[in-house]
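Participant: If you read the sequences in order, they're chains A, B, C and D.
Residue numbers for the first sequence follow the numbering used here, so the first one is 2 and each next one is one higher.
Residue numbers for the second sequence follow the numbering used here, so the first one is 6 and each next one is one higher.
Residue numbers for the third sequence follow the numbering used here, so the first one is 118 and each next one is one higher.
Residue numbers for the fourth sequence follow the numbering used here, so the first one is 199 and each next one is one higher.
Take the hints with a grain of salt, since some may be wrong.
The calculated lysine to any residue pairs, modelled on SDA-like cross-linking and capped at a C-alpha distance of 25 Å, are [stated by the list, open to error]: (1) K134/A - T491/C; (2) K487/C - P130/A; (3) K355/A - G421/A; (4) K461/B - K543/B.
The set of hints was computed from the structure by calculation and includes no laboratory data.
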Amino acid sequence: MDYPTNSMLLTWIIFTPVVGIGAIFAVLALRPALKLSQRAVDQASRAIGLAATVAVSLLGVQLWRAFDGGSTSLQFVHHTIWMRQWNIEYFVGVDGLSISMVLLTAFVFLAAMIASVPWWGRLDDEHHPHFSKKRVPGYMILFLLLETGVLGTFCAQDFFLFYVFWEVMLLPMYFLIGIWGAPPRTDPDGRVRGGPYAAIKFFLYTLAGSVVMLLALIAIYYNSGPARLVDGSLTDHTFNLVYLTEMGRSGAFDRVAPIFGMAFPKVIFIALFLGFSIKVPMFPFHTWLPDAHVDAPTPISVILAGILLKTGMYGILRFNLQMLPDTTWWAAPGIALFGVISIVYGAFVCLAQKDLKKLIAYSSVSHMGFCLLGMAALTPQGISGSVFQMVSHGVISPMLFLIAGVIYDRAHTRDINGFGGLAGKLPEYTGLTGLAFMASLGLPGLAGFIGEVLVFMGGFGASDPNFRWFVVAAVPAVVITAGYYLWTMQRMFLGKMNDKWSHLWDMNWRERLTLYPLAAATILLGFWPAPVFNLVNTSLHHLVGVITGGT
Amino acid sequence: MSLHPFPYLWLIPALPLLGAIINGLFGSRIQRRFGETGIWATAVLLPWISAAIAAWAFVTLARSGPETALYVKLWGWLNVGWLDADVAFTLDRLSGVMCLVVTFVGSLIHVYSIGYMRGDPGYWRFFAYLNLFMFAMLTLVLADNFLLMFVGWEGVGLCSYLLISFWYRDKEKAVAGMKAFVVNRVGDAGFVLGLFLLFWGVAGTWQNPPHVQHPLPDIILGGEGAGATTRAATAGTVVGSEGHSLPAPQRVMMESIVSGIVHGEGAAAAAPLPRTSVKFREVERILRDPARRDAFVSQRWLGLSLVTLACLFLFLGATGKSAQIPLYVWLPDAMAGPTPVSALIHAATMVTAGVYLVARLHFLFALSPLALTVVATVGAATALFAATIGLFQHDIKKVLAYSTVSQLGFMFVAVGVGAFWVGIFHLVTHAFFKACLFLGSGSVILGCHHEQDMRKMGGLWKLMPVTAFTYLLSCLAIAGFPLFSGFFSKDEILWKVFSTGNLVYHSGGFWLYVIAAVAALCTSFYMFRSFFMTFTGKYRGEPHGHDAHASSPSTHDSGLTTHDSPAASHDSPHDSSHSQPAAHSSHLPHESPASMTVVLAILGALAVVGGFLGVPPLLGFLPNWFEHWLEPVFGGSEHFVHWRHYPHAYEWGLMGASVVIAFLGAAVAWWLYYAARSPIPGRLMASGSPLVRRVHRLIYNKYYVDEVYGRVFVDGGVGLSRGLWWIDARIVDGLVNLAGRIGALCGMLQGWIDRVFVDGLVNQVGDGIVAGGRRLRGTQSGRVQTYVYGIVAGCVMFALLTYAVPW
Amino acid sequence: MRQDLVRFGPELALSATVALVLFADLLLKGSGRRRFVLHGLAVLGVIGAGFALLLLPSGDRSIFSGMLAVDGMARFFKGLFLVVALFGILFGALSDEIPEDRFGEYLLLLLCLTLGLSILSAAQNLLLIYLALELVSLPSYILAGFRRGDKRSSEAALKYVIYGGAASGVMLYGFSLLYGLGGTLDLAGVGQYVESLASQGWGSQLAVVAACLFSLAGFAYKVAAVPFHMWCPDVYEGAPTPFVAFLSVGPKAAGLAALVRFFLVGYGAPTFWMTPGEFPWPLVLGVLAIATMTLGNLVAIAQENIKRMLAYSSIAHAGYMLMGVAVGTSEGVRAVMLYLGIYLAMNLGAFLAVMAVRARIGSESISDYKGLGTRSPYLAALLAIFLFSLVGLPPLGGFIGKFYVFAAVLHVKYKFFYFLALVGVLNSAVSLYYYARVIKTMFLEKPDGEAASFTLAPSYGALLTVLMIPTVALGIWWKPLADAVAKMSLVVR
Amino acid sequence: MTIGVPHYLIVSGILLACGLFTVVTRRNAVAILMGIELILNAAILNLVAFSRLVTGAVGGQVFALFGIVLAAAEAVVALAIVLQLYRAFRSVDTTETTELKE
C-alpha cells in the first residue's frame, strides 16, 4: 500500500465536531457554577456549534487545497491499530470519491447549521415557536455527533471503522427527527404520523439494512486472506479496505464455498447492497424517506437529502463496485432496473403530492435513481455521471428543503394548493425557488443537468443492450419532472394573490446566507463542473479500470 | 473546414447575459432609482453591441475563405470517455446568418419593447428575460457541439416560459407558459435520445458495445476526443474535464488542434478522426469518411437504420421547438405573452431553431431519405393544417400564430426535401415579415386599448398609418406577391418540392407540392383577411375608458412593489393610465410612439427587399448570394439528395401558379372582408346549413386537438400519478407497517398466552385456598399446554422404555 | 487437600461472610449501626472473596477429587458473580423495597446465592451441579417473595418455586439416567461413555439424548430459555428490583456456565458435530436460541411495565448467548463470556435506572416515563445509553458483545449457522423497537399533567455513572475484557 | 423372575409421567408441589436402582440422600410461599380474585 501515512488532517476534520460536543457539555456542567441563564446556555451552544461547523469547513478547504487530484492512491491517511485481536485499525484516508463527499458534507452541514440558529432574521411568531429555540444544547450535540458520523463514514478505510461510523449516523438522526421534528398528529385516515413515527421508521428501516451488512462484514473478514497491519505484522484476516479490495478483485472470494447454493460474492454483494440501497433509497425501500423528510426540521431534511442519501451511494461505489467488480457485472441489470423504477415511479408520485416537502422527498427518490442507473451502466460516462449526480443532488436538494422551510416558517403550512400568487409578495423567494426547481428538473446550464445527461449517455453506451431500454424508459421522467415542478410553481407563486398570505415577508439574511451559496454552486457547477471532475476523475478512472478489467 | 480563432466570439452571447444578470439581480432597485430608462439603457444597448460584434465576425468570416469557421473555446465542459463537449463557440456561414438575424431582429424588438412595455411595473423583469433569451438563442446558434446547443435549446424554452407567463397574475397566461415548457420538454427528450443514438452510433459500437471504450484499432485517433480515447484505451476511463487536469497525450492533441487552427487548412484537416464526438464538425468529418459512414449506417435498432432513428428523434425535438405536428399545440397559447415576445420568440427566432437544427445536421439527415421524407411530410401537413385553422380565427394574434406554424411547416418542407439553404432563406425572410406583422399587431392592440378581436377593429388605416402600411407590406411579403421577399423564398420552396427526387414514396413531390400550394393559398387569404378586417372600413370598437381598467381585477393592488401587470387580465401592459394620459383623452385608437413605428418601418423595408438575397437563377437579375453563401456548408450533402430535372417551362409555370395563388387568396379576402361590406361571411355564419356549421365549428375549435391531448396525456398522467401514489401509501408502505404490526401482534399473543397460563394457575391457587371449589375457571387456555406437556412426557417415557433395555 | 482448600478460597470467604453476616444480624438487632455494619461486612466479604480469587494459584486443576474445576472459566465467572453480588448489595442498600429490619436477611440470601453461583460455574460433577443449582434456587425463591404481604411478590415467588421445582426435578431425573448409563457422576466420565457410543449412530444414544434433554430443562430454566421462561416476566415484575437486577445477570451467567461445562466438557466437544450418527445438539441448542430470542423480542414489544419489558429483553439476550453455546467452539464460549461481561454493566445499569425512576415517581409503567428527558435529563440520557447498548448499537458495549457472538457463529462456516446468525441480527433489529419505545416516551413525548423536574440522588447518580463508563468504554476499547476472556476461557476439546 | 433395571425404570418412568402430568394439569399449588415430589421420587428411585444394580458404587445412593433432603427443603420453602400467598389473598375480597381471572 503506497500512500504517505499519518497526516492528522482527516482526524481533525472528523473529530472537530466532537470537540464541539465536549465544549457544549462543559458549558452545561459549568452552568450551575457560573449561574448561567437558560438563554445564555442556548446562545453559547449555538455559537459552539456554528464554530465547530465553520472549523470543519475551513479544514475542508485546506484539504481541498492540499489534495492531489492526479493520484489514485489514498491521501491524508491516518493509520494506527485499534484492536489488534481483530486486526481492526483506525484507518482514515480520502481518494477522489471520498473527498468530494467530505467537502460536500462540510458545505451542506454549514448551511444546515446556519439554518438551525435563530439569528439574522425573523423566522417565527409567538404562536409558532421555531424548532431552533427548543432544547438547544441537545440539538447542537446531536447535530455535531451526526456530522462526525457522516465524515467518518466517508473517510473510513477500515470496514469495521466504517460500520461503526455508519451506525453512529443513525442515533442522532433518530432524536433530531423525533424531538425537533413535527409533533405527532393523526392523519385523516386515522394513522398516527409525525416526528416520532418517522424517526423510528427511519431508524428501524436503516438498522434492518445495516445489521445484514454486519453479517456480510464478518463473513468477508473470515474469508479474507492474509494481510499486514500498519506496523507490518502479518495477520490472517483483515478489515483493511485496501487489502479487501485487492482480494475481491483478484477473485479471492470466488473460492469460498457457496452459501445456500449461492456463490459467496453474490451473497455478500446482496447483503451489502441491501444495507446501502435502503439508505439511497431504492424503490421498494424508499417509504421511510417521505415520512422522515416531511417530519424532520428543515436543517435535518437538508442533511438527510443532501448527505445521508449519498452515504448509501458511496457505500455501493466503495464496496460493491470497488470490491466485487465481477459480481457487479452480474447485478448491474437488476440495479439499473430498480434505478429506472425509482426514477419514473418517484416522478409520477411527485405529481400527486400536495405537501411541498413530500414532493421534494419523492423527487429525491427519483433523482437518486439516476445515480443507481448510471452506476449500473458501468461506463465512464455513467459512473462519473452518477457521482456528479450525487454532488449536484447534494447541492440542489438542500436548496429545495431550505426553500420549503422558508415558506413553512412563515405560513406554517406546506400545502401547495393553499398558496397562490406569492410571486408578487415574495419576489426574491420566488426567484430562488424557480432557480432551484429548474436546477432540479435538469435544466442545461445548471448542476442537475450534467449528472442526468451523463447518466443517460452512459446508460445508452452500456455493454448490456438492455440498458438502452432502461434509458428510453427513464427519459420520459424528465418530462414528468418538468411537469410537477412547473405545476407546483404555478400553484404556489402564480395566479391570483391569495390575500390570506398578505402578511408574509420576503427572505431574511439568515435564509440568504444559506440559499445564495447553494444557488451559486448550482450555477457554477452547471457551467464549470471541472472542480468536481478534477477531484473524482482519477479515482473513478481507476475504479472503472478495475471494473472493466474485471471481466 | 478549418478553424479560425476569433477570441471575441463569446462576447456575442455573453453581453446579453450580462444584461440579464444586471437587470435580473438589481433591476427592481434600478427601476425604483432611475426609472425605466435605467433599465432599457443597459438592456437595449448590450444586444446592439453583440449585434455589432456579430456583424464584425460575419465580415471576418466572409474575408477568411469559404471553408473556414470562427472558433473560440472557453473551457472544457464534459470530457468523459469519448464524450468531448467544451464550452466553445463556432461561427460558420450557417450560424453566421442565424446569428445576424437573431441579434439584429432581436435588438430591434428590444427597441420596440421600450415603448411597448412602458408603464409596466415588471419592466425590469421583462428586459432581463428578454436579454436572457438573447443569450440562450445565441448559445443555441453558436454552440459547437450538441450539448452546448442543448443548453441554448432548453434555455430558450425556459425564457419563453418566463415570458409567456410574464403577467403571472392571470392563471391562463401562467398555464400557457407551463404548457409551452412541458411540450417543449417532450421534444427535448427526443433531442437527447437522438443525440445518444448518434453518439454511440457514430462510435460504431452499437451492435456489440465495448466494456472498455477502446479506440478503433485501425484508426489513429485525433481531436480532443482522442486524448480521452487513448486514455480510455489504457484503462477505460473517465477523463478530466479541464485542460490542465488532462494527461500528456490529450494535451499534445490539443496543441496539435491549436496549431491546426493557427495555420488554417492543412494541419487541422490532417487531424485524424476521433472515435466519436458531439461536436458538429467532428461528426461531419467522421461521416464524410466512407468507411466510418458505412459502419454507422449499417447499424440497426428496432428494425430501423440507426441514422434514421437518430434523425427522427432529433426531429421530434425540432417539432417541439418549432411547433410542428404533433407538438404544435403550445404555440397558439403562447400568444398570451406580451406581443414583442410573440414577435421575437414565437415568430422570428426561437421557433425556427428546429429548422436550424435540421439544417445544421444536413450531413446526417442527408444520409436517411426516410427521415427527410418524414420531415417534409410533417412540414407540409403542418403547413396546411395550421393554415386552415388560421382561416377563421378572430383574434389577430391567433391568426398570426397559426400562420407562423404554417410558415414553419414550409421551412420544414424545404429542408425535408434536401433544399437546406432554401429552408434557411425562408427562415430569414419569415423572420423579417413575421416579426413586422407581430409588432404591427402589437401596435394595433396597444392602439385599440388591448383589443385583440379583429371584429372590434377596422378602419385603423387612417388612425395608425405607419402600422397599417408596414402591415400591408408584410402581408404582401408573406402572401408571396412578386418581388416581395416571401415570393422568392416560398416560390423556391414550392419549386424544390416539386422537383425533389428524394422522397421515399413515388411522386411524393407532386402531392407535397399540391398541399403546400393550398396552404399558400390559405395563407394569402387569411393574412389579407386580417389586414382588411383590421385596417379597412370604419372603427367598430366601442370607446375604451377607465371602465375597462376598473373591470380588470388586478388594478386594485398594483403598487410598484408587486411585480405584475396592473392590467394583467389584458394581453398588453396597462396602457399606462399613469404615464400616458393622452392615451385616454381620446377613446379612438392612436398611432404608437416612435420607438415602435421606426422598428416597424425598418422591418417592413426588410420584408420588401429581403428576398433579393436569393433571387433564383431563373430570374437571374441578381446573383443568388444566399445559396452561394451557404454552398460551402451544405455542399457536403449535395450528392446525397437527388433532384428531378425539368425544363424551365415547368419552373416558369410554377412561378406563375404561385403568383396566381397569392392574388387569388388576396382577392377572395378583399371580396369577403374589405371594409366589412360583404354580407357573405355573416350569412355563412348564420346559415343553418349543418355542414357549414359543423365544419366551421371543427376548424374554429382547432380540430379539438387540445381537448384530446388534455384528456389523453394530462388527465392520463395525473390519473396514473394518483394511482401510483395510492399504491405507495397503501401497499408499499402498508407492507412495511403491516410487518411491524404482525410482529407486535405475535408478541401480544405470546404474552397473552404466558399471562393466561401463568395467572390462571395462580388465580386458581387463590381460588383453591380462599373460595375452594371453582376449579375449572379460566383453565381452558391452560388445556392446550396441558396436552402438549402430557404428550411430551408420554413420548419420552415410551422412548425410555424401548431403548433403555441393554441391561 | 490443603491445596484444594486454598483453591476453594473464594467460596470459603463467601461462606465466612455469610456466617458473619448472620451473627451480626442477630447480635446487632435494634442497634443503630446494624445496617451500616452489615453493609460493611457484606461488601468487605465480597471484596475479600475477590482478593482470594486473585490470589488463587495459577494453573488449571480440579479439586475435591475432580468435583470442582478451578480453571480460567471458573475464575472468570466467579469474578463476574462477585461483581454482580457487590452491585446487588449496593442496590439493596439504595432501594426502598428492602425494609430496614430485613436488610441482613437480604444480604444473607444474596451471599448464599452468590456462593451457589460460583460453585455451579465450577462444578464438574452431576451431584454437585444439582446441589449448586438448588443452592441457587432456594434463596432465589425466598428473595422473589421477599416483600411480604405484597401480592405480586408472592405470586412471583410461587410461580418461581413451582417452575423451578419441576424443572430441577426433571433435571434430576435426567441426571439419574446419565448416572445409570455412564455409571458415574463425573461429567468427564459421562462424556467418555457418550463418545464410546458415537460410533454406533445416534439411535443407540437415544437414552442419552433423552437424559440430556431432561437435564437441559434445569439449565434452560436457570437461563430463562424457552419454554422454561414463563416464570421470568412475573418474577421480574413482582420481585424487589435490586434482586431482579442480580437475578437478570447472575443465575443466567451461572446457567450458561453450567450448560457449557455440561455439553462442551461433559458431553464432549468433539462429538458435538452434526456428522451422521451423532445427535444434532447444535441444531437443538440453535433452535432453542432462535425460539428464545424471537419470543423474548416479540413479546417485549407488547409490554407496558418496564421491568416486565426488561424481563423479556433478558430472555432475548439469553437467546443471543445461547447462539454462542450452540456453535460449541472455544470462540463461541469466549463470545458468551465477553457478552456476559458487557451485559452485566448495561443490564445492571438499566435496572438501576429503573430503580432510580421508581424512587422518584414511584412507578414502573413505561407510560409514566413521559417527559423524563426534560424532568431529569441525566438519568434519561443514561437510561437511553444503557438501552441503546442493549440494542447493540456501536459505539456502545452491547455492539461488541453481539459482534463477538455473530462472529463466532459465522466463523463456523455451516449453513444452519448462517441462518442462525441471520435470525439473530434481525432479532436485534426488532429489539430496537421496544427499547426505542422507552426512549421515545422519555424524550419525544410530553408529560401529561404537571411534571416537576427532579434531581437524581447523588448515590444513584454515582452508581449509574460507574456502570455507564464501562458500557461506553467497552464499545470503544474492549481490549482489556477481550484479553481477560481470551486468557480465562476454557479450551473446548 | 428377578427384578431388573427395566422394572425400576418402568416404575420410575410412570412416576415421572404422573408427576409431570400433575404439575401441568392441576391448578392447586399444593397438588402441584405433590407432583414435583413425584418427579423427584422417580429420579431418586432411579439413582438408587442404578447404584445398586448397574454401578455398584455408592455415589448414586449419596445422591439419593441429597435429593431427599433437598426435596424436603424445597417443599418447605414452597409451602411457606403458598402460606404467604394465602395471607395475601385472604386480605383481599373475592371480587378482586375473580377479576384477576381474566
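Participant: Where does the structure disagree with the numbered hints, that is, which hint numbers, in rising order?
Facilitator: none
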